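Asker: Spelled out, the chains give:
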Amino acid sequence: MSEITLTVNGKQVKGQTGDTILEVCKANGIEIPTLCHMDGLSEVGSCRMCMVEVEKQRRAVPACNFPAQDGLVVTTHTEALEKHRRQILELIFTEHNHFCMFCEASGDCELQQLAYKYQMDNVRYAYNCPNLSVDTLSQYLVIDHNRCILCGRCIRACSEIAAAHAIDFSQRGWQTKVTADLEQPLGESSCQECGACAQACPTGAIFSKLSIYKGTHDDCEITTTICPNCSVGCELNVMTRDNNLVKIESPDLASDPRGTLCHMGRFDLLKPTPSRLTSPLVRDEDGELKEVSLDEAIKVIADRLQATKANAAFLVSSRLPQDLLTDFSELVVSKVGSSNVDTLDGDGYRIISQGVSRFTGNGTGLGIECGAEEIIGAEAILVIGADPQLTNPVIGSMIRHAVSDNGAQLLVVNPNHDVFPLRSRSWLRPISGSETALLMGLAKIIIDQGWGDAAKTSAEFRESLKEFTLAEATRATGIAQESLERAAAIYAHAERGVIVYDPQLLTTNDVGLILAIMNLASLTGNAKGKQLGVISLKPAANSRGAWEAGLAKGIDVNRPEVLYLLLSDDTESEVLLRRLRNTAFLIVQASYDSPAIHMADVVLPSLTWAERGGQYVSLDGHTQELKPVLQPPAGLASDNEILQKVSQKLG
Amino acid sequence: MAKVKIISAWLDACSGCHMSFLDLDEALVDLADKIEFLATPITDIKEFTPADLGIIEGAISNEHDEEVARKIRANCKILMVWGDCACYGGIVSMRNLFSTEEILDRYYHTEGSVCDKIPSSPELPPLITVKPINHVVKVDCYVPGCPPSAKAIGYAVTELFEGRIPVLPSEIMRFD
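Residue numbers (the working numbering), protein chains in the order written: chain Z, -6 to 644; chain H, 63 to 238.
Hints in this document: simulated from the structure, not taken from any laboratory. Each statement offered as a hint is correct.
Covered stretches of chain Z (chain H as the covering partner; in silico rule of three or more C-beta atoms under 8 Å from a C-beta of chain H):
| no. | region |
| --- | --- |
| 1 | 91 to 99 |
| 2 | 108 to 116 |
| 3 | 119 to 129 |
Simulated crosslink set (DSSO-like; lysine-lysine; CA at most 30 Å straight-line):
| no. | chain 1 | residue 1 | chain 2 | residue 2 |
| --- | --- | --- | --- | --- |
| 4 | Z | K110 | H | K213 |
| 5 | Z | K459 | Z | K449 |
| 6 | Z | K76 | H | K139 |
| 7 | H | K200 | Z | K110 |
| 8 | Z | K207 | H | K213 |
Far from chain H, by Cβ distances over 10 Å, these chain Z residues were calculated:
| no. | residue |
| --- | --- |
| 9 | E46 |
| 10 | D245 |
| 11 | H486 |
Bear in mind that the values here come from a model prediction, so they are computed numbers and not experimental data. Just so you know, even glycine gets a beta-carbon here, dropped at the ideal spot from N, CA and C.
Can you make the complete structure from the sequences, with help from the hints?
Answerer: Here is the structure:
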């Protein structure tokens, strides 16, 4: 890259080789109107709003994709260019339905802004008035083709940001429209519902059902925080108005690999919630839950805990921030003296941590796993016992990027279905529960072929491979030897390989499988410093933080006398509900009415993700800050206050 | 100074723009000394006589609208149009997405009208493709908005009194 000097509007300005005229002008504070351009997306130059005059060019050129060169003489605003721009606006306005008064995007619309800027108070052309369809079949998004200006930003966002390649132009000329797959409704297509297209849309052609007519950017307060849903920890811009959630967008759609967001972060947080619990409740002699004061409820709880002491069990959601988990731990360990404490996702942790510690032989812990961004640069990716597009969709999008942009070879191991159809290089379909044999088979091939260094694996694993034959692997998995050999070659020959697994989706609770994953990764030297090319998908936003804080010890007693469940705004699984039914005295601290509440003997109210702040640890170990975006209902004590009060009462 | 003579009409519209004019509130008191309506739907006078300023709200959507627009144009020196319907076609022009037959059928048959057949009196003007005013007669100045704010109307009127043809500045211009 070297510096170049251009003359723009008679002034000398500097840029870099490789810049476009638009980039140089932007960097130098010279404004050129654009519509189809969006920072971070490739340029198509289709809207022609950014046309500029360049000396020695026969006619005006689009600034967005004309390379800036040393000595170029550019004029951005002449009478002819401005006339041309206004004419383009008039043509766009007459092409489809662009009447603003009932449009969702009015006030946030780039087309509208430009029409104001060019004082477009009339149009000279006849209206086209096509009657186009509106696609409302998606759970989250609406495509109103009548509002579309065919700039293609959604299409580029879908392929370049989300790597989903779900939408594109169909038909030609007047008939052109943005459609999913082969003109399928969005909700029935390969669309991943990440919503990147809606954020990229400059008009009201693609918008979210959950935010419709709730407010424009100018109406709202915008807070940058992190997503409280899964463990990827994507940054969110949460828009609020009058203490209501309005819309969630990505603060950095284009350049942050986690910026694409997913339906869980962008939409699910805005869904209607069950009715809110605002008062402590205690079950009376008649078996009815009665509203009581916080002090009364705390007295009941403290008396019970005092009586049961170490036999009390504690369960906490991993959706909660560090400081709250610390307060919870303080109550459990120091005040009650119980070691019966677990997170809702503790089973997954115990499998991972046993596997990791048996592999390393020391307490390295989860720090041995690599960062999620490693996926993007990987040449081979092995997805085993995981469905990232379902559980952690942004990891899913990173894998799609690796495959479609960087040509990564994707190996899917799954007994039931290919979790990346059309993208996987190979789908290995082992008999359910035989995944360990499959990985050992791969390791065997890699060692036998001399593709990997057996000395890097753990002694235990080497020992177990001694007696292991390929014939055994094919017999156990039901996969032909050639398929295993092909997969082993792909994985072993990759400069960088990453294995992605999900402790919750593994079909076997075998620690040996985690061990095999770790060893396979170390065998081929897929390591960066002390980290292995392995990522485990943790379920909740602060799973890793809760696990590392020692809250996933596990509950020993089968039928605890007292169970204290700090659920907050998490949801309870069927498994959890069965467990709750088996409890003599149940305390539930939760934000919303739910089946658990109806089993509880004491209910305490809780704040929601939107009302609290605190630190969260992402799946790959980044500590990030969640910020409160809403005021809690008046008079509601925070969860920390409640826990501290219970602790105090216990003395 | 003689009062400025104005003739105004609303065509295919909701009357919101004229209501927005009334939203000028106390400014109307001063304005009343300077202007005089010869014909306006506010007073229900519909006979147009020569005037200085013509004002039209609404789009043209039948032959009668076309005739009124031509009459006003012929009787005024300057023609100002109010609102998105008059400037661009607006919400009423969404009728153009369907054929006249479809619209009438929907209105009188499928949507449960009190009369079950499409009226066919020769006094009723035939519906035509909905158009903004400037697609039929020459327009001198435009005040878009749905409805235009009182501020936008006030700006346009003040500019006219100053002897300039108003073009709404970007800060005042709104389409909704």
